[in-house]
Every structure is written in structure tokens, then in C-alpha cells.
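Number of protein chains: 2
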Amino acid sequence: MEKKENGLDGKQSGRVINGPTNPMVTPLLNDLYQFTMAYAYWKAGKQSERSVFDLYFRKNPFGGEYTIFAGLEECIKFLANFNLTDEEIDFVRDSLPGCEEAFCDYLRGLDCSDIEVYAISEGSVVFPKVPLLRIEGPVAVVQLLETPFLNLINYASLVATNAARHRFVAGKSKLLLEFGARRAQGPDGAISASKYCYLGGFDATSNVAAGKLFGIPLRGTHSHAFVSSFMSLDEIVDKVLRSSDGKSTCKDFICLVQTCLTKIQNSSSLQGIFSETNQSELAAFISYALAFPNSFLALVDTYDVMKSGIPNFCAVALALNELGYKAVGIRLDSGDLAYLSTEVRKFFCAIERDLKVPDFGKMIVTASNDLNEETVDALNKQGHEVDAFGIGTNLVTCYAQAALGCVFKLVEINNQPRIKLSEDVTKVSIPCKKRTYRLFGKEGYPLVDIMTGENEPPPKVGERLLCRHPFNESKRAYVVPQRVEELLKCYWRGNADEAREELEPLKELRNRCIKQLENMRPDHMRRLNPTPYKVSVSAKLYDFIHFLWLNEAPVGELH
Amino acid sequence: MEKKENGLDGKQSGRVINGPTNPMVTPLLNDLYQFTMAYAYWKAGKQSERSVFDLYFRKNPFGGEYTIFAGLEECIKFLANFNLTDEEIDFVRDSLPGCEEAFCDYLRGLDCSDIEVYAISEGSVVFPKVPLLRIEGPVAVVQLLETPFLNLINYASLVATNAARHRFVAGKSKLLLEFGARRAQGPDGAISASKYCYLGGFDATSNVAAGKLFGIPLRGTHSHAFVSSFMSLDEIVDKVLRSSDGKSTCKDFICLVQTCLTKIQNSSSLQGIFSETNQSELAAFISYALAFPNSFLALVDTYDVMKSGIPNFCAVALALNELGYKAVGIRLDSGDLAYLSTEVRKFFCAIERDLKVPDFGKMIVTASNDLNEETVDALNKQGHEVDAFGIGTNLVTCYAQAALGCVFKLVEINNQPRIKLSEDVTKVSIPCKKRTYRLFGKEGYPLVDIMTGENEPPPKVGERLLCRHPFNESKRAYVVPQRVEELLKCYWRGNADEAREELEPLKELRNRCIKQLENMRPDHMRRLNPTPYKVSVSAKLYDFIHFLWLNEAPVGELH
Numbered sequence: 009m010e011k012k013e014n015g016l017d018g019k020q021s022g023r024v025i026n027g028p029t030n031p032m033v034t035p036l037l038n039d040l041y042q043f044t045m046a047y048a049y050w051k052a053g054k055q056s057e058r059s060v061f062d063l064y065f066r067k068n069p070f071g072g073e074y075t076i077f078a079g080l081e082e083c084i085k086f087l088a089n090f091n092l093t094d095e096e097i098d099f100v101r102d103s104l105p106g107c108e109e110a111f112c113d114y115l116r117g118l119d120c121s122d123i124e125v126y127a128i129s130e131g132s133v134v135f136p137k138v139p140l141l142r143i144e145g146p147v148a149v150v151q152l153l154e155t156p157f158l159n160l161i162n163y164a165s166l167v168a169t170n171a172a173r174h175r176f177v178a179g180k181s182k183l184l185l186e187f188g189a190r191r192a193q194g195p196d197g198a199i200s201a202s203k204y205c206y207l208g209g210f211d212a213t214s215n216v217a218a219g220k221l222f223g224i225p226l227r228g229t230h231s232h233a234f235v236s237s238f239m240s241l242d243e244i245v246d247k248v249l250r251s252s253d254g255k256s257t258c259k260d261f262i263c264l265v266q267t268c269l270t271k272i273q274n275s276s277s278l279q280g281i282f283s284e285t286n287q288s289e290l291a292a293f294i295s296y297a298l299a300f301p302n303s304f305l306a307l308v309d310t311y312d313v314m315k316s317g318i319p320n321f322c323a324v325a326l327a328l329n330e331l332g333y334k335a336v337g338i339r340l341d342s343g344d345l346a347y348l349s350t351e352v353r354k355f356f357c358a359i360e361r362d363l364k365v366p367d368f369g370k371m372i373v374t375a376s377n378d379l380n381e382e383t384v385d386a387l388n389k390q391g392h393e394v395d396a397f398g399i400g401t402n403l404v405t406c407y408a409q410a411a412l413g414c415v416f417k418l419v420e421i422n423n424q425p426r427i428k429l430s431e432d433v434t435k436v437s438i439p440c441k442k443r444t445y446r447l448f449g450k451e452g453y454p455l456v457d458i459m460t461g462e463n464e465p466p467p468k469v470g471e472r473l474l475c476r477h478p479f480n481e482s483k484r485a486y487v488v489p490q491r492v493e494e495l496l497k498c499y500w501r502g503n504a505d506e507a508r509e510e511l512e513p514l515k516e517l518r519n520r521c522i523k524q525l526e527n528m529r530p531d532h533m534r535r536l537n538p539t540p541y542k543v544s545v546s547a548k549l550y551d552f553i554h555f556l557w558l559n560e561a562p563v564g565e566l567h
Numbered sequence: 009m010e011k012k013e014n015g016l017d018g019k020q021s022g023r024v025i026n027g028p029t030n031p032m033v034t035p036l037l038n039d040l041y042q043f044t045m046a047y048a049y050w051k052a053g054k055q056s057e058r059s060v061f062d063l064y065f066r067k068n069p070f071g072g073e074y075t076i077f078a079g080l081e082e083c084i085k086f087l088a089n090f091n092l093t094d095e096e097i098d099f100v101r102d103s104l105p106g107c108e109e110a111f112c113d114y115l116r117g118l119d120c121s122d123i124e125v126y127a128i129s130e131g132s133v134v135f136p137k138v139p140l141l142r143i144e145g146p147v148a149v150v151q152l153l154e155t156p157f158l159n160l161i162n163y164a165s166l167v168a169t170n171a172a173r174h175r176f177v178a179g180k181s182k183l184l185l186e187f188g189a190r191r192a193q194g195p196d197g198a199i200s201a202s203k204y205c206y207l208g209g210f211d212a213t214s215n216v217a218a219g220k221l222f223g224i225p226l227r228g229t230h231s232h233a234f235v236s237s238f239m240s241l242d243e244i245v246d247k248v249l250r251s252s253d254g255k256s257t258c259k260d261f262i263c264l265v266q267t268c269l270t271k272i273q274n275s276s277s278l279q280g281i282f283s284e285t286n287q288s289e290l291a292a293f294i295s296y297a298l299a300f301p302n303s304f305l306a307l308v309d310t311y312d313v314m315k316s317g318i319p320n321f322c323a324v325a326l327a328l329n330e331l332g333y334k335a336v337g338i339r340l341d342s343g344d345l346a347y348l349s350t351e352v353r354k355f356f357c358a359i360e361r362d363l364k365v366p367d368f369g370k371m372i373v374t375a376s377n378d379l380n381e382e383t384v385d386a387l388n389k390q391g392h393e394v395d396a397f398g399i400g401t402n403l404v405t406c407y408a409q410a411a412l413g414c415v416f417k418l419v420e421i422n423n424q425p426r427i428k429l430s431e432d433v434t435k436v437s438i439p440c441k442k443r444t445y446r447l448f449g450k451e452g453y454p455l456v457d458i459m460t461g462e463n464e465p466p467p468k469v470g471e472r473l474l475c476r477h478p479f480n481e482s483k484r485a486y487v488v489p490q491r492v493e494e495l496l497k498c499y500w501r502g503n504a505d506e507a508r509e510e511l512e513p514l515k516e517l518r519n520r521c522i523k524q525l526e527n528m529r530p531d532h533m534r535r536l537n538p539t540p541y542k543v544s545v546s547a548k549l550y551d552f553i554h555f556l557w558l559n560e561a562p563v564g565e566l567h
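Just so you know, the protein sequences line up as chains A and B, in that order.
Each number in this note's numbering corresponds to the 1-based position in the first sequence with 8 added.
Each number in this note's numbering corresponds to the 1-based position in the second sequence with 8 added.
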């Protein structure tokens, strides 16, 4: 895939920044109105007016009280390579009625060399109303960033949050696997889900493309089709398996497995529990073990878990064990996972005990049947023996809430603060170019986020500060911070040669996410009725918001 | 973006087929287990066994009784260009523990020259359990198509169905605009949403990239930021506007607008309804009209719809009218849309009447505030004056149900029918390579879909036929079809030189969708408690399913 390069050659301060992961992310991935507005700004001679926009969301998703911020890297990659090709410009011209040719020349010269982006670090825990990004630059150009930025951040942050919530309910010790490629909303619904679920705390993905692009660990075994593609043991032609240490060779692995199956059938605890198992399933398991003797993991529910799948699996696992290999475990994809996983564990433990096979009881049980936060929580309450959860549909499509509502609002133009009013108070924007801080309390937890005007002095450690709710005059609190963290850092400085934040590897973003989540006060994290985290403005900003509001709102006439 | 080409050079019978729209759709957009299985098949010497897989879904989405099939074209484009690059093969090898080098040679030679795909035509109305695609070919290759095909079809069909449902509730006469780019699940969540919403009956999109790629009509005006970026009328430097016929020039359009505003204020019906309007809003509207005098459409809710937005808009529209232009209308993005649209219409009609401006009352009212099926339905029940709906989040993310559950099941291998069992009857697969037909009744409506074995004689017009529920023995009906349509047509025939279906333009798929929906019996289409459409199997297939089931299911032991 070609990477588009603009006048900056994707470089800033000598560093090359690649284009977005998906080459379809171009300036045309935009709402038409960004171009009609650009044209109208240009016609009015306003296109270069210096504007400041905030990108933020109004409500945490999934009924929770926190969100994971993700998608920033893709935005910066988009910025760094922003330019319109001649073909794209022709298309824009033809889409705008009465468009003058000189506007095309204007578009031809556009890049992001005059844009500044301040952002919260990707992977951070974030809250409503606090800007995730503050974008400053010529108004027509910044508007052209609105739709792509929202597109790149909304889903990324939503699915990262969903992953973090699944991790929270599953607990630290479980292996979490993202299995969503087939049900995701399109190809990069799949690929970016894999990326941002990893960021949000998942351990691995089934998606090979995502593994290759982002270095995410891959997991996968076989499907029901593999099992039912076998008819009988006669199909297996090459029955030879070398032992793990390479010192001996089993000439008929099928025969060894059959012997092991008989051993299990005759063992004291399992006698009479099952009779004849499905032979096509057994053939499939043996074939799979011959292909992957070091990492044998089988799907055991094609015919019947306890009557066929588990005995067949255990026979193959025992045979592998005799040759010095260690089978990994099984996957359950249907039925009552609490009950089945417990029964499976008992079966494994019975073999460990009766047949004296060390660690056989510790084999991994993976579950993967339409799981989500609720079902994992319910499993925990019932008790289960699942070690790894494979989660697909509900995770990647964010089934419980399929969209995050980030918005992109003008807060200042030509140094004049701007406000967007609404009859719905939650939709009123917070004006002014702002700075934002996270204040930490004595116990090390974050206490409150505060927004101030750009030129206000920053909050100081140990100094008492009034934090006000931006719209509710009676909600306010004095805070004496023990630590102050400025949230918005410069990630893009256009042509300017000053230092800016580096884009970090995915693994670092994941570490930040996990660490920040661990550092949250537990009541904000509860699944049921979590405590809202406080988001505030300085007293000075509060006063200014309400001054501007009254200034802009028309006064009604009563008759 | 480069298109990858395989040994077939993307050609079949001399025709070149381009790669998928998104260049990220490669054979690596796959679950790892497709590659582990391919390896295990290859190790067992089974990789070329002739297999037949069905792709189908089990349940219609959104509580409805129909689904629109979409995504086929992308699948065929993927097939036609299927090949693995050396770099991709290296990555696969490194991902498979103990992978032999000879397997890489096998992967290197893979293409879809030995694959056949039969499918229902894209844009068709389809039902659960009936195969949308039947894919035949070497088992290892067909398995590598599973994940990409499911990914390309699941979301496409889901969002097309969602669009069709929105069209159904909005009615034929309304303009439906897809505005989802910013909230979609990633970049091609946006681009493919635009494509498939158009297929499902939408009229236009705001997404410029989708307009360019697929020729979908584009729509868009301006945002709240455009309005609030203006401070006062003094900002407008160039106030000149030529009349529509080019014969005269208005030297001060601002002055003309102000005169018009006064006229409205003094008109008999509107006197005293509003007083001073927001001047920054008026400046924005005037600027926008100067840029687009032929297509002026304004967003009127930045400050206050009835006190500011509508009077300001009407003043500009009247001024344009005096110069021979016709304004298009307004957009409402907040508030009570039923009430506001009605009030706006009254305002427009009062101007038409009082100031004698023909057609002023007929201007278009567009609504766009978090709309979905339910809100449009509720608006219809309350009564409203909206002409066009702009629908975003709920439409493109399929918020009401974010995933469709298409599956891909082995139904035959080496001419041996295969079945996948489950304790949940709805999850049992229907074995055999099948043909499928739609039977139409006297009134022209489709009555039932029927699946038969491949070699059974096809249903005949006028001949009585027993249609059986595949799993419920008491549900059966005799049908005398007045018309019979075979559903599965050949869309890919590998290297064979025989005729196959051409890929049709998007517009044709949209026409098919609209036409087939119009031809459905109305009770299947109801939003509340729709009647399920019947899906059946032939008597012969019924008997065979149940024979195979008993054959494969292990018999329990009671103690």
C-alpha cells in the first residue's frame, strides 16, 4: 500500500511518520459539509482564521464511569500525511455547486504544517467533557480534520473501554482472547478491534492481519468443520510420531491413542461414564495432534462434550504425554460453561489421579460461546473452571453500546471564546482555549479533573483550589492536590521545530491503560452503580462560561 | 492503492476483477485457526479434498422477519485476487509452531482457481437457514475464505437491512440521508455503511469517499461551528451578489437581507413573534448564501430555532429570492422535531402568504438529531413536517443490534454429507450440497423458500409439493407454486470457462432490494409482531437430515 505524503513528507523535526494503518483514511473520509464550509470560509476570506476546537465525549459508555482514550496515533499519522491529490480535488470541485477554480488551488496547497494538536496520552483513563484533543489552526483546515479524527477516535476508544471492562470482570489471572474478526463491522472493524482490545487489556487475538500489523500475540486452534471433515480413523495415512526428545518413534500413534482411550475407560473414577466416542472426532483430534504435537488444543463440543469430545481429547493428550509432549487443553463453544468446565476439570483431575499423570488436571479450559461482560460475571458467580475466555461478537461490535459520541466543538476563533448553546445543558460546549489537569489525593487516587483558561496559573501541590461543576452552580469543592498532572501534551506542532511527544509502541499504551485502571478508586470501577468521577472547571472559567452564555442566548418575548 | 493479483491475474473468462474496496482485505484478514487447520489438513494429506460449505444466518436482525443480503461483490473481488505474498507466508510460518517449509510452498501456490461459489443475488431479501453462498473447493482453501467472507457479509447485510427498515418506517416519499461517518466503527465501517445503506434504500450520504468510490449522491451543508465562527456582520467583506440570471448585481447583500428581516418582522402573521436575532448567526447564513446562492440550506439551531435561526434563515432566503435564487431549506439538529418542524412550516407558509413568495412554504425541512427507526415512527405518529431525515449513529453502527450472526458450515466432503450437531436445535446445520428455490403464490408474493438435495428434481409451477420444517416434524405444508425461482446462481467458477453471473452496479443491487421489498407480503414487513416467512426442506432432505443426525449423535448411558 502506498503511503501518501504531503509537503511535509510525513516528517516533523526530521522524523518520518507513516500514514494511517488503513490507506482508505484520506482527507475524503469526510462529511461533505467540511468541504462546503471550507469553501464558504474561503469565499468569506476567513479560511486562515486561527481557531481552537476541542474533541471530547459527553457520557461514558456501557453505563460505566470511565473511558479508555484510544486512536490518537492514527490521527497523528493522518495529520502528518494530510494532502489532497489532484483526482480528489477534482472530485471535490464537482461535488460543490458553483465551485471556483481558485478554491482548488487553495485545496492543492493544504497541509497540516500550521496545525497544533495537544492530546491526552493514548491509553489513558478519561472522563466526559474533558478535551481528549485540542486542535488549533486555520479554521478551514481544522474543520477538515473533524470527521476523520472523530471516526478514528470514537470506535477505538469505545472498543478499548469495552475490552478494559471485560478484563475487569474476568480478573487479572484469566487469559483473554479476542475472536471477533468474522462478526466485526467490516475489515478494519476487525483489525482495529484487535489493536484496541489489546490496548484495553486483552492478551491475544485470532486475527492474523492484526498480529502482523501490531505484533499482538496470536491464538487459534480448529473449528467444528475440521472435526466433521473427518469420517473415520482409516483416513489417517501417516501414523508416525517422533517423541518430544527425538529419541524414539511411535510407529502407530492411532494405536497408542486407542490404548489410552481404553485405559481411561477402565480407570477407577471414569469407568462407565462414557461408552463409544465419535470416531470421526477422534480422527480429527489425532490428525491435529500429529500436526501440532507441541501445542495440542482441541474443540470438544462438535458431537457431545462429556460423552465424546473430552474422552477423545484425553486419549490423545495421554498418548502425547507418553511421547513426552504436553497437550495445552480444550475449547468449549456451547452449552452450560459453568457446569461443563467443572465437569471437564473433574475428568482431567481423575486422569491425573488414577493414571498418575502429573499436571493433567491443570490443562487449560478455554470458553468461547457468545460471551460478554454479563455472562463472564454470571460464570464467576456460579463458579467455573475456565482459564481463558475467547470473546468475539459482543466485544468487537460493542453490542451493549455500539457507539461513543465524541464531538468536535469550536471553543475559540481569533482569540475570541465561542460557545455552542443547546436547550439540553449537557450539550452546551465549554468555551475558551483551555488547559486541563488531573489532581491526585493523599491515597494516590485521582480525585478530580479540572479545566482552566489557558493563561490561568496551574494548580499547585498542597494549595487549596476551588473546583466547580461547569453548569451546576451548587456543585463545588475545595481540593488540596497531592500531585498535579497536566493532561494535554503536544503531539503535533506543524512546522515548528520544538519538541513534541513521540508516538509510543502499542505495548506502552497497553501498559499505561492497565496501570491507570489499577490506580482508580475502586468505587469508580464498579459494574453496578459506580460513583461518577468529578470533572470541574476553575472558578474563573465558570464565571466566563456563564457570562458568554447569557451574552449569546436570545432573550424570549412573552405575550 | 495497489491491487494484489494472483495467478489468475484477477481475470476469469478474460474479465478483470478488481480487488476488494479496502486493500486491507487480504488472506491474512483471517482467524489464525484457518491457517492451523490448513496446516493440519496438509499434514494429513487432506488439503485438496473436495468440500462444500454453506454460509447462512440463523435469525433475522432487529426483531424483524427479513434480511437484505449484501457483501457478495466484495467476496468475489477477494476471491479473484486471492494470493499470499512471500512476506505474508513468512509471517504465517512464524505463527505456526513447528511449521514445515514445504507447507509454505503449498501456500505459495494457492489461489481460487479450483473454487466454485454459488450465491443469492446481492440486494435480495433473504431468510434464516437458507444458504446465501454455497462454496465448493479444496477444503483447506475454502476454510481460508471463511473469516474474510463472514467479515465482508455480516456487517454489509446487517447495515443494508437496517437501512431498509429505516426506509420502511420513513415511507417512500421522504429523503433519507446517511450521516454516519464520524460515529461508525472505523474507516470502512463508515465507507461500507454508506455503500450498503444506499443499497438498502437510502438516497444519499455525507461521506465524500463513499460518493467518490461508489457514485452515491452526496449531501451536506454546514455545522454549528461554522455558525459560531462568525462574530458579527462586519466580518463580511465582499457583499456583492449577482442575480441568478446574471443581469443585475446586488451591491450590498447584507443590506438586502436586513431589509427582508424587517419585512418579516412587520408581516401581519409574524409580527411580534421574535425580536432581535443572533447577529453572528445571521453573518454565517449570509456568508454561506454568498458561497452557495443556488443551494442555500442552513442549520438553524445553534442559538434558538424559532427566535433566531428561522427568522435569520428566512431573511436570507427572501433576499436570495429577490435575486432570482431559490433557497433549499433548513436543518434541525436538536429539540422536539415534531413541534419545531410544524412551527417552521407555519413560519414558511406565513411568509409565502403574507409576502406573496410562491413556494416559500414548500422549502425542505431536514431533521438529524440522533434518529432511529423508533424516533421516526414516533414522529410519524405525532405528525411532523420533516421532508428529509439525516440518520447517523443508530443507522451505521446498527445500534439496535450491532451484529449479524452469519456462520460458515461444512455440509459435504468427498461427496459425503456432514452435519454439525448441537444441544440447541437452531444450531444444528443442514447437511448436503443443496439447491434452493423461492416459491411464489397466486398473488405474486413469495410463499416459502425450499432447500432440496442437489440431484432432486426442481419444484415445478402448478405441481403440488410437500414443504417440511427442517427440524419440527409436525410443521409441513403442501404448496402449489405459481412461479419458481432458483436462488443460488454461479458467481465464481474458478478456472472453468463456463458462463457465470456478472457483478452488477450498485444501483442495480439497490433496485433489486427496493423491488423485492415491495413484493413482500405486508405482514412479513410489519415492525410489530411480523409473521415469519417460511423456510423449508424437501421431504427427501428432511428424512436424510434426521437419518444423519441419529447416525452421528452418541447414545447416552443411564446408570
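These are calculated hints, taken from the structure and not from any lab test.
By construction, the Cβ of each residue, glycine as well, lies at the ideal position given by its N, Cα and C atoms.
Careful: at least some of the hints might be erroneous.
Said to hold, decoys possible - Derived pair list, reagent style DSS-like, types lysine-lysine, alpha-carbon separation capped at 30 Å:
#1 B:Lys441 with B:Lys51
#2 A:Lys354 with B:Lys182
#3 A:Lys315 with A:Lys435
#4 A:Lys67 with A:Lys468
#5 B:Lys515 with A:Lys220
#6 B:Lys435 with A:Lys315
#7 A:Lys435 with B:Lys182
#8 B:Lys435 with A:Lys182
#9 B:Lys441 with A:Lys255
#10 B:Lys315 with A:Lys51
#11 A:Lys51 with B:Lys441
#12 A:Lys450 with A:Lys315
#13 A:Lys51 with B:Lys259
#14 B:Lys370 with B:Lys85
#15 B:Lys435 with A:Lys51
#16 B:Lys259 with A:Lys85
As the list claims (entries may be wrong) - Far from chain A by the CB rule (all over 10 Å, computed), these chain B residues:
#17 Ser121
#18 Glu154
#19 Ile244
#20 Lys428
Q. Do the alpha carbons of Lys354 of chain A and Lys182 of chain B lie within 30 Å of each other, as the hint requires?
A. Cα-Cα ~62 Å, so violated.
Q. Lys51 of chain A and Lys259 of chain B: Cα distance at most 30 Å?
A. holds (16 Å)
Q) Against chain A, does Ile244 of chain B keep a CB gap of more than 10 Å to every residue? A) At about 6 Å from chain A, Ile244 of chain B fails to clear the 10 Å cut-off, so the statement is violated.
Q: Could you grab the alpha-carbon distance between Lys441 of chain B and Lys51 of chain B and see if it respects the 30 Å cut-off?
A: holds (26 Å)
Q: Say whether it holds or is violated: Glu154 of chain B keeps its Cβ farther than 10 Å from all Cβ of chain A.
A: violated (7 Å)
(Q) Would the hint linking Lys259 of chain B and Lys85 of chain A be met if the CA-CA limit is 30 Å? (A) Violated: Lys259 of chain B and Lys85 of chain A sit about 46 Å apart, past 30 Å.
Q.
Does Lys468 of chain A sit within 30 Å of Lys67 of chain A, going by the straight-line distance between their CA atoms?
A. Judged against 30 Å, a Cα distance of about 29 Å means the pair holds.
Q | Pair hint outcome, Lys450 of chain A versus Lys315 of chain A [Cα-Cα no greater than 30 Å] | A | Given pair Lys450 of chain A, Lys315 of chain A is violated - Cα atoms ~58 Å apart, limit 30 Å.
Q. Are the Cα positions of Lys435 of chain A and Lys182 of chain B separated by 30 Å at most?
A. The hint holds at about 28 Å.
Q) Can we confirm that no CB of chain A comes within 10 Å of the CB of Lys428 of chain B? A) violated (5 Å)
**Q.** Non-interface claim for Ser121 of chain B, where every Cβ of chain A lies beyond 10 Å
**A.** holds (21 Å)
Q: Starting from Lys51 of chain A, check that the Cα of Lys441 of chain B is at most 30 Å away, please.
A: violated (63 Å)
Taken one by one, the earlier hints fail for this structure at numbers 2, 3, 5, 9, 11, 12, 14, 15, 16, 18, 19, 20, listed in ascending order.
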